[in-house]
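Student: The lines below spell out each chain.
2 protein chains.
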Amino acid sequence: MAELSVENEVNGQAEEDLVNPWTVSSSSLKGVDYDKLIKKFGSSKIDDGLIERMEKLTGKPVHHFIKRGIFFSHREMHMILDLYEKKQPFYLYTGRGPSSGSMHLGHLVPFICTKWLQETFDVPLVIQLTDDEKFLWKDLTVEDTHKLSFENAKDIIACGFDVNKTFIFSDYDYIGKCSEFYKNITRVQKLVTFNQVKGIFGFDDSTCIGKISFPAVQAAPSFSSSFPDIFGGNKKVPCLIPCAIDQDPYFRMTRDVAPRLQYLKPALLHSSFFPALQGAQSKMSSSDPTSSIFLTDTPKEIKNKINKYAYSGGGATVEEHREKGGNVEVDVSYQYLRFFLDDDEKLEKLGSEYKSGELLTGFLKKELITILQELIADHQKRRILVTDDDVKQFMTPRKLNYNY
Amino acid sequence: MAELSVENEVNGQAEEDLVNPWTVSSSSLKGVDYDKLIKKFGSSKIDDGLIERMEKLTGKPVHHFIKRGIFFSHREMHMILDLYEKKQPFYLYTGRGPSSGSMHLGHLVPFICTKWLQETFDVPLVIQLTDDEKFLWKDLTVEDTHKLSFENAKDIIACGFDVNKTFIFSDYDYIGKCSEFYKNITRVQKLVTFNQVKGIFGFDDSTCIGKISFPAVQAAPSFSSSFPDIFGGNKKVPCLIPCAIDQDPYFRMTRDVAPRLQYLKPALLHSSFFPALQGAQSKMSSSDPTSSIFLTDTPKEIKNKINKYAYSGGGATVEEHREKGGNVEVDVSYQYLRFFLDDDEKLEKLGSEYKSGELLTGFLKKELITILQELIADHQKRRILVTDDDVKQFMTPRKLNYNY
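Residue numbers (the numbering used here), protein chains in the order written: chain A, 622 to 1025; chain B, 622 to 1025.
Heads up, some of the hints might be wrong.
You can't tell identical chains apart in this list, so a pair holds if it fits in one copy or across any two.
Stated by the list, open to error - Computed list of lysine to aspartate or glutamate pairs in EDC-like fashion (alpha-carbon distance at most 20 Å, straight line): (1) Lys681 / Asp794; (2) Lys856 / Asp765; (3) Lys856 / Glu764; (4) Lys768 / Glu801.
Simulated from the structure, these hints should not be mistaken for lab results. Given the structure is predicted, the values throughout are model-derived calculations rather than measurements.
Could you build all of it, start to finish, from the sequences and the hints given here?
Tutor: Structure follows, in C-alpha cells:
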C-alpha cells in the first residue's frame, strides 16, 4: 500500500498515514494530513476561489461541509461549473458498500453532500451499492450482501433524495438487467493490467481474481453510457463524484482509462474521513461497534457511547483544562459538531470557549448528544416511512426527470 | 505455458506440444501426442469398456467421432451414465468464441458430437458464445464480437439442434439478463487467486484484469443454478461438457472450485484437434485462412484449397508411392475423411489401399472434396433458412422441454 501512504513527521520520525479503500489510519491524533494527501494523490484543494465561484453561480451559500473543509479536495470541479454556467448537463455518482445492515454517522456524510449538490444543481444522480464487492471482500454470502443492499437503500432514501432524479442500484441486480453496464466493465478491464491494480490497490498474487477485476465495476458508473435508461445512449454526459478520499484510487484509474475509451473523465469532490469515537487516527467503522454511532442507535445508546468513548481534547483535570484550554483539533465531540452543528456562529463560540478552557469536554458532549439524538431520531422516523415500493421505484432503471 | 505442455521425443530431442485455450502446436506431423496429454491433464481415456457401456445403455452405436477416437478423453463420463441408467437428469454445455463471422470445419466438430449427445440422451443443452472473451483477447470492439455471436448462432442452429431443448446465449446478452449468472461468476472469482490462473493459463503481471477474471465466466455455465429459467433454481443438475481438449484448463479450474461452492463438478468429453490443411502440427484456425475450409466456402474454393494446401502423406513421386505406400497418420485428406466419411467400411478400404500404395493422395483428395462440398452446401442451405426469429427463439432464456 506504500503507493497510497502519506508521510507524517511525528516526533522527528517519519510516520505514514495509510489511505486506501480498505484501510484509513494515521499516527496523528489530528488524523490524516490532508494537505499531504492532496499532494500525493495529485488532486486540487477546494480553495476560496472555487467556493466563491460556486456561490456566485448557484446564488446560494455552499454547504457547511464545503465551507468548513470537510469536503476539501477536488478534481476538475471548475469544468463542472463551466458546464453549469453554460447550462449544459452533468450527473452525480456516489455509492456505498453494503457490508452491514446498520449504517453509521460517517456513512451519511457523502449522501448529505450529494443531496445538497442534487438540489443545488438540479441534476440526476446514480447511487451504486457494491454488493458484489462486499461479497468478494467479506465473509458474507451473495445472498447476504444482496439483501443488505436493499436495507442500505432504505437508509439512503431516508436522506431525502428526489425519486424523480435518483437511480439507486445493486450491482448484482443492475448487471443482471443492463448489458451496457457489463459492456463498459469489460471495456475498462481490457485497458487495465494486473501490474496497474497491484500498484494502485496493493493486490498481490494471492488476491482472488474477483477482487482484481472489481475496480472496473466501480469505474463503469462514471460513464453515462452505463445508464441507457437515464441518458438514452448519450455517451458524453459528464459525471461528478462526491466521495470520501479513500475511494480516489478507483477514480484515478477511471480517469486514466477514460480518454482511451473516448469517454469523459469523471470530476470529483473528496471528503475527509469521519473520525472514530476513539479519535481521528482511524475512521468510524461498522466492524468496530464501539467506534461508531449507528443510524439505528437509541437516544440512550447515543448518549452512553459519546460519554464513554468520545476522545477528549481537554485537560487531564478540570484545573489543567481551565488553565491550558481544550484542543479542538483532536476533541472528537468538537469534530463531530463541525459535521452536524449547522450554526456557524454557535460552532465558533463553542470552539473558542473550549480552547480558552471556559467550557469543559462534557459541555461539548452534551451539545453533541442533543444534536445527534435529534438527527438520528429524525432519520429513523423518515426511514420507517420508506416502503418496499419506494425502494423498488428508486431501484428501477428508468428515465429520470432532468432538463437536458 | 509450460504447465500445459506435453513432451514429445522427436529425433532423440525432447520437443514439446503446446496445448492451451489460445495455442495448440506440435513438432510432430502426427500432431499432439494425446496419450501423453491425458496423462498430463489427469483425464481418462475413452476405452472400449466405456464405449460398450454407452452403446448398451442407449441401445445405439456411438457416434463415429467417439468410435474413431476423435473424442478420446473424458472426465467422469461413467457418473453421467450412472445417472442416465437411473433416469436422472443431466444437461449438456458447450460453447464458441465468436472471433470471426466465418466458422470453419473444425468448429463443427464439438457441435456435431453435441447434437448426437442431445439426440441420444434426450437432454437440455446450453451453448455459450463468449463475445466478452473475444473482445478482451482480440483487436475487436464490443459491438463487433456481440454481432459475431449472432452470426455464429446461425451456423450453430444450422447444425440442427432442437429449439425446444437448446438455449444459446451471448455472454453480453445473458449477463445483462440474469443476475444468477453474474452471481455464480463472482462466486467462482472469490475462490480463484491470481497465482492459480497464472499457473493454469500462463497469465502474467502485464495481463489485463479482464482476461484474469474471464475464466470464471466460462466456468459459470457448468452450474445449473446459472440457468434459473431452465432449471427453476435446481442447483444440483449435473453437467456434461463436450469440447476440444484445449478448453480443459477452464474446467479443471471449475472442477476444483465446485465442491467448495457445494456445486457438482462438470463431467467432460474431450475431442482431439481438427488439423490445419497444412498438417497436424497446428489446428485449423480462422486467423490463417489458408489453413481453413470455411462454412461459407464455395465448391470451387473447397476443391482448390484441398488440392493446393492439404498436406500429403504420399510418396515424393508416383513410383515411390506405389512402392512404399502412403502414410495415413499424416495425410490431411485421410485425417479429414476420418471426421466426415461416415461409412466405416469405405474408410477402412481407402486407408488400406492408400497405405499399400494402390491409391494416390489425389484420389483421397477427390473423395474428400466430394464429401465436403456436399456437407458444406447442405450446411449453407440450412443456414440460409435460419431466420432472425429463430435466433431470437434459441437465444431467449426460457423453460426447455425435458422430462425431469
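Student: Hint by hint, say whether it matches the structure.
Tutor: Here's how the hints hold up against the structure:
1. For the homomeric pair Lys681 and Asp794, neither the shortest alpha-carbon distance inside one copy (38 Å) nor that between copies (46 Å) is at most 20 Å.
2. Proximity of Lys856 to Asp765 under the C-alpha cut-off of 20 Å is restricted to the inter-copy arrangement: shortest distance 18 Å between copies versus 34 Å within a copy.
3. For the homomeric pair Lys856 and Glu764, the shortest alpha-carbon distance between copies (15 Å) is at most 20 Å, but the shortest distance inside one copy (33 Å) is not.
4. When the C-alpha separation of Lys768 and Glu801 is checked against a cutoff of 20 Å, the pair qualifies only between copies, where the shortest distance is 14 Å, while the shortest distance within a copy is 24 Å.
In terms of the numbered hints stated before, the structure departs from hint 1 and from no other.
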